[in-house]
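J.: Bring the two chains, given one by one in their own frames, into a single complex with the hints.
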Amino acid sequence: MSYELRAHTADVAVAASGGTLEATVAAVADGLAAASCDEIPGVDADRVSGGDAGSDSSGDSGESDDRFTLEVRAESREALLFEYLDELIYLRDVRLELPVDNRVRTLERVDEDAGDESEGAGDEGALEEPASRDGHASDRWRLEADARGIPLATIDAREVKAVTYSEMRLEAVDDGWEAYVVFDV
Amino acid sequence: MTTTFDADGIVLEQVREHVWELPQEDGMRVPARVLASESLLEEISEDRTLEQLRNATHLPGITNYAVCMPDGHQGYGFPVGGVGAMDAENGCISPGAVGYDINCGVRMMKTNLTYDDVSGLERELVDALFEAVPSGLGGGGVVETGVDTVEQILERGVDWALEAGYAVEDDLLHCEDEGVRAGADASMVSQKAKDRGKNQVGSLGSGNHFLEVQRVTDVYDDAVAEAFGLERDQIVVLIHCGSRGLGHQTCNDYLRKIERQHGGLLDQLPDKELAAAPAGSQLAEEYYAAMNAAINYAWVNRQLIMHRTREVFADVFDRPWESMEMDLLYDVAHNIAKKEVHEVDGEDRELYVHRKGATRAFPAGHPNVPAAYRDVGQPVIIPGSMGAGSYVLRGGENSLDLTFGSTAHGAGRLMSRTQAKNEYWGEDVREELESGQGIYVKAQSGATVAEEAPGVYKDVDEVVRVSDELGIGDKVVRTFPVCNIKG
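Just so you know, the protein sequences line up as chains H and F, in that order. Anchor point for the first sequence: position 158 equals 158 in the UniProt record's numbering, and the numbering is continuous, going up by one each time. Anchor point for the second sequence: position 73 equals 73 in the UniProt record's numbering, and the numbering is continuous, going up by one each time.
Hints are supplied without guarantee of correctness; some may be wrong.
Unchecked claim - Below, in silico cross-link-like pairs of lysine to any residue (SDA-like), each with a Cα-Cα straight-line distance of 20 angstroms or less: (1) F/421 / H/76; (2) F/442 / F/263; (3) F/442 / H/156; (4) F/421 / F/400; (5) F/442 / F/120; (6) F/442 / H/37; (7) F/442 / H/2; (8) F/339 / F/325; (9) F/442 / F/130; (10) F/421 / H/174; (11) F/421 / H/5; (12) F/421 / H/71; (13) F/421 / H/172; (14) F/442 / H/155; (15) F/339 / F/286; (16) F/421 / H/37; (17) F/421 / H/40.
What the hints assert, rightly or not - So the derived list for chain F, only partly shown, Cβ under 10 angstroms to chain H, looks like this: (18) 46; (19) 199; (20) 244; (21) 259; (22) 446.
As the list claims (entries may be wrong) - Rough simulated footprint, nothing fancy, chain H against chain F, three-plus residues with beta-carbon under 8 angstroms: (23) 75-87; (24) 153-165; (25) 248-254.
The set of hints was computed from the structure by calculation and includes no laboratory data. Cβ atoms here follow ideal geometry from the backbone N, Cα and C, with glycine treated the same way.
The shape of chain F in the complex, shown without the other chains (with noise of 0.2 angstroms):
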């Protein structure tokens, strides 16, 4: 007998352990599946992200399901924790199942220093980095530049930092598309949006976005933690931001541009923030060139963060950032739609791989992860709340049957931000984390810290734990907090 799931009226069936469909119905062009253990699904099914879900499924083009992984969460349009494949030639692409933040994500830096090197020197080095890396709003950027700067980060990615001295050959290896995403036109960004970018240039902004100083707590896998580089006790540092007021200006550019050349497509979804652009028009060519340039955007304000806060510790530890080895791990996107090629009902098929608030995940041997990883499969970064661990995972060998290579992003909101703001006070958070858990936080709002308090999120091992299980992302190692800095 069939196990059900019914979430007020919206019933899912369960295909094998982890894995509930929603059958295709009326307007659906393909079912829906979410990847969530039944505890996961509760929690999943208490706001509109099924709906969201289902309505995602109306999307031109939309191959096999549209598939909603474990920390997914009510997003605006496509839920976030979503992963949809719209064919390149038929489909479509959508910048509302991007999502504004384009290539928010996260990054991984290394580094040869244990957790006893660092005890004792936490509030220093929370101070130094809160002072050296902007955060909030309107705190300016690493560096404050004209246009003409912008255009060529547009188009060069990281290799724009590496010849202005913010990155390392290294640097570039260990990143997706090694930094530099192909296709990327600056032309198509907006001068509005430009204007936005020009004093954002290494900057965290605020919401979830932070930088934290973790230990390495647990090793899953000594085998592949050994080719990451991770072992027991290790201090990483961990990234997450997106292409701030750039990336959200040019998501709504094209919406708007959409909505005014395309608004037949449009009267046929069930929510407008879907809208999205046919496949082979225009206005999907000058989208996706646009949403490449800020993919590049987003890599050059994580890695010039990165490079400050190597900055940071050579200054706090007195010596050299290299001898303490601060390489780059890896650099995973959260919000991005991709040109992928992935074999459907036996043929290869070339589709625009949208992940919003999901992460690549590729398996060992396949030819897009970097030659260093190569044969272990893709690093996965997983940030937890600032009071739980984060994970790294690599890319599992059903990620690419199950959810066109791609995983979990995160824990995965719980509660809404104004809910928390009533139940948690930013000070006492900030406190208790701190004299509880030897956790030292400081952010420009007291307000972020009570919307960001660790209640407020999903319980990130459980993320993990069937992302494991559905083997689409293997844990690896497991990480905790040192320090963290917020906007």
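Bound conformation, chain H alone (with noise of 0.2 angstroms):
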């Protein structure tokens, strides 16, 4: 997986590839981070343990180093990589801290039984799992993610705004996926 900020007018735009989707879709995460900071200062190696994907489902703990997870869902593939960002960019302000080493656990299209249980009530709001905003009944797709916070205040780091859905692509190629966003800044 990997990422490449490209040159836009005002703006930031991140190209990002990566043999699966879930790869592909943190890679962009991670060329967000990018683009708002220089140099990411790596993880202090007392602090970390374990570090597999997969091995610190704990969540938000803080446990063994600093990393979040965030669940987003939304009513489609590209709509969920619009969400997923947004959230990202959202935890920045209110943690106070810079998501990096994005990883994307799950990336899916929640089949019909699963999302049954959030369809009866039908309209916003009536989801019961964490949505990414007001909840909604087409809502099929869904990410779970993790990464890695960074405090504002020990980083020289800038503002990205927000993500756009300006040109964004998010598409199969042979070889995996490959991904643009513009983010203004």
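T.: Next up, the structure:
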């Protein structure tokens, strides 16, 4: 998986690719971090244990390192990418941490049966599961991710204001997936 | 014979000097216009600005034409420097045509100090301002508060700041809408937006936002300058910032709501970022109420920074700020949509005038110009880059005919941030400004200084010349930087 920052007159664009959809989407998130901070510090070696995806499913515990988890849902794959990046920017502002080393653990289309439990009530706000925004019955796509949060006070970071839909691409290619996202700076 | 300009297949016809038109073609509901000299048009045509402007003409209810100001450049969805007026009954309102940073804008505060008073104190002043005014990412705000207070700010605007001791009555009288946008409803702003906003009230942010101490270097119109209280060598302060994370979140919240509820309309538009709610729909009303609330938040944001600046000047110059006559000249918005009545085909019509990276520029006599300036026209503040002059204009008499009462908002970017970082090194730029031009810059991030280097912007003098010659915004004074702080 990899990303590149691309020139845009006023803003910043991230082009990413990966062997899987999960890796590609996580690479876009790492591109967002790179657009915010030129020198992202590595993990302090004594503070880390484990580190494999799946070994730290304890969520927002802050136990062994500074990783936190997030989950978003949306009605399409592209909307899910938008929601994921929007959520990272939101969490940056309220946690006062820059999310880096992003990992997408699950990105899936929830099948009809699994979706039924949220379908009954229908209207927005009816979902019981954590939803990215106002939960919605058509939210068939689900993403679980985690990231390491670096306190903003400890780094030289600039503000990326928002993710945009402008020129957004997320598409399958021969050897995996490619994405292109413009961020408002 | 008609003069044309061919920008890689997008052919514009010259209507008259500085006015270029892209005729209506497939899917366009109206023609598009670019107001620019040939040299500016060449710069404008180098990125996707013209394509984005053409896309904007697809929005329902767009009236007369979509217009690009002389400082226009590529944005997302709607171009930066774009003005589009959509019918408020049968048209639409588009969060994407307002932008993420709702009511990003500038205000200018006057002083009775001269350049001689400040000369020699620049370093002390820039350090004190940098220390006192929160900037950058995660730097907090002048006040850190709870959601209850945020809700009051959203609904009451600068009136809240007045009651809380961060403003004086006179500040309200020199702000659009007296600093309180009617029709704001805090309940239409999401909890997420409020959570982002509560620790950012009174903060610059980063990117192209800044606070700059300037001196007046040129006066072009003595009578209007006198009415504005501006004279040569006077020190003024310019504050450029917006509604911070609260505004950005509000824009995204409504883009997504529109995508979910009005997908049919969205499918007809050439760019998803142009997402629009049909006029009269519940979502249009809700977005308008939320956007108005974010406008109030941005006004309070700039007000609190101005208040903190007054305190810094009082410390540095060891006298009360009132004795330095630190009065607000005016506060202009760059990213808003506003219901305004304009004459269209001889009839008054209510329109949602979207200005994205454009400034309202109402002429003398317009009832919406504050009483203090009604005889001369609304002040328009156009910041240049940190190594170039800025301008104060007044709304020109042709602005209502040509641009729904609008003009440019700045120099307009020319070079991407990535390219800027390859070409400039922040510390070199800072040193060159200080030793070469006597401009003291202090920033949270060296990369920001590189990204905002003077060379990345269009020539502000040319932008203002075109505005002046078109009669949409007339030159009054020019200012030049003394100290600049940024995120």
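J.: The structure should be examined with respect to each hint, and the outcome stated for every one.
T.: Against the structure, the hints come out as follows:
Of the supplied pair hints, the one linking residue 421 of chain F and residue 76 of chain H is violated, its CA atoms being roughly 36 angstroms apart against a limit of 20 angstroms. The hinted pair formed by residue 442 of chain F and residue 263 of chain F fails the criterion: a straight-line CA distance of about 46 angstroms is larger than 20 angstroms. With a CA separation close to 14 angstroms, the supplied pair residue 442 of chain F and residue 156 of chain H stays within the 20 angstroms bound. Simply put, residue 421 of chain F and residue 400 of chain F have alpha-carbon atoms about 40 angstroms apart, too far for the 20 angstroms limit, and the pair is violated.
Proximity of residue 442 of chain F to residue 120 of chain F is assessed by CA-CA distance (about 16 angstroms); at most 20 angstroms being required, the pair is judged to hold. Distance hint between residue 442 of chain F and residue 37 of chain H is fulfilled; the C-alpha atoms sit about 18 angstroms from each other, no more than 20 angstroms. Restraint check for residue 442 of chain F and residue 2 of chain H: not satisfied, since their Cα atoms lie roughly 34 angstroms apart, outside the 20 angstroms limit. A hinted pair counts as satisfied when its Cα atoms are at most 20 angstroms apart, and residue 339 of chain F with residue 325 of chain F does not qualify at roughly 34 angstroms.
A threshold of 20 angstroms between alpha carbons decides the hint, and for residue 442 of chain F with residue 130 of chain F the separation of about 7 angstroms falls inside it, so the pair holds. Annotation: proposed proximity of residue 421 of chain F to residue 174 of chain H is violated, straight-line Cα distance about 34 angstroms (limit 20 angstroms). With a C-alpha separation of about 12 angstroms, the suggested pair residue 421 of chain F and residue 5 of chain H falls inside the 20 angstroms cut-off, and the hint holds. With a C-alpha separation of about 34 angstroms, the suggested pairing of residue 421 of chain F with residue 71 of chain H is violated against the 20 angstroms cut-off.
At roughly 32 angstroms between alpha-carbon atoms, residue 421 of chain F and residue 172 of chain H are farther apart than 20 angstroms, so this suggested pair is violated. Distance restraint check for residue 442 of chain F and residue 155 of chain H: the Cα-Cα separation of roughly 17 angstroms lies within the 20 angstroms cut-off, and the hinted pair is therefore satisfied. Restraint check for residue 339 of chain F and residue 286 of chain F: satisfied, since their Cα atoms lie roughly 14 angstroms apart, inside the 20 angstroms limit. In summary, the hint linking residue 421 of chain F to residue 37 of chain H is supported, as the alpha carbons are separated by about 13 angstroms, within the 20 angstroms threshold.
At most 20 angstroms may separate the alpha-carbon atoms for a hinted pair to count; residue 421 of chain F and residue 40 of chain H meet this at roughly 17 angstroms. At about 8 angstroms, the closest approach between the beta carbon of residue 46 of chain F and any beta carbon in chain H falls short of 10 angstroms, and the interface hint on this residue holds. At its closest, the beta carbon of residue 199 of chain F sits 8 angstroms from a beta carbon of chain H; the interface hint therefore holds under the 10 angstroms criterion. The closest approach between the C-beta of residue 244 of chain F and any C-beta of chain H is roughly 9 angstroms, which is under the 10 angstroms cut-off, so the hint is satisfied.
Evaluation of the residue 259 of chain F hint against chain H yields a held restraint, the C-beta minimum of about 7 angstroms falling below 10 angstroms. Hint on residue 446 of chain F holds. Least Cβ distance to chain H is approximately 8 angstroms, under the 10 angstroms limit. By the rule of at least three residues with a Cβ nearer than 8 angstroms to a Cβ of chain H, the coverage given for the segment 75-87 of chain F holds, with 4 such residues. Check result for the segment 153-165 of chain F against chain H: violated, 0 residues qualifying (beta carbon to beta carbon below 8 angstroms, three or more required).
Residues of the segment 248-254 of chain F lying with their CB closer than 8 angstroms to a CB of chain H number 5, which satisfies the three-residue condition for coverage.
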